[in-house]
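Peer 1: Please take these sequences and the hints and turn them into a complete structure.
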Amino acid sequence: MGRRIASLAMHHPRWVFALTLLITLVGTALIPLIEIDTDPENMLPTDQADRVRHNVIKDQFNLHDMIVVGVVNEQHEHGVFNPRSLAAVHALSEAVADIDGVIRRDLLSLASVDNIAQAGPGTIRFEWMMNTPPSTQAEANRIR
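In our numbering, the protein residues as written are 11 to 154.
It should be emphasised that the hints constitute simulated quantities derived from the structure, not laboratory data.
Bear in mind the structure is a predicted one, so any value in this text is a computation, not a measurement.
Glycine included, each C-beta is placed from N, C-alpha and C at the ideal position.
Hints are supplied without guarantee of correctness; some may be wrong.
[As the list claims (entries may be wrong)] Quick list of in silico lysine to aspartate or glutamate cross-link-like pairs, DMTMM-like style, CA-CA up to 20 Å:
| no. | residue 1 | residue 2 |
| --- | --- | --- |
| 1 | Lys68 | Asp116 |
| 2 | Lys68 | Glu51 |
| 3 | Lys68 | Asp57 |
| 4 | Lys68 | Asp49 |
[Stated by the list, open to error] Pair ranges (Cβ atoms, derived):
| no. | residue 1 | residue 2 | range |
| --- | --- | --- | --- |
| 5 | Asp116 | Thr38 | 38 to 46 Å |
| 6 | Val112 | Thr38 | 36 to 44 Å |
| 7 | Ala39 | Val62 | 37 to 45 Å |
| 8 | Ile33 | His88 | 50 to 58 Å |
Peer 2: Encoded structure:
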């Protein structure tokens, strides 16, 4: 079989190249139709026992999917911990909280989590990490 393919390729190189080009063009044209689903839940059939049990546990414990958004600022010497970037993070957090389907109490952001620190011997202090965006670099450094 291998000798026949090699013989065909050597005696009809133009046909081989034309066929290779055609396969490449067809494959390239079909790339936009590819759908990638990276959700591990969808890798199992809906009636598979493990997936069914997983869905029951999610419902029982009121678990939800999580989306993570990272913020980077390479232009500022303090990175994202400057008043302008932190104001953008605060505004983004508020906008995300208003999206239909987002559970506000499950939102984790500098603008929505608390800062727990020791206030003194035997005393704990609870405060918002960033209830309002900082207006000075000193306030941004405190958040950092």
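Peer 1: Enumerate the violated hints, using their earlier numbering and listing them in ascending order.
Peer 2: none
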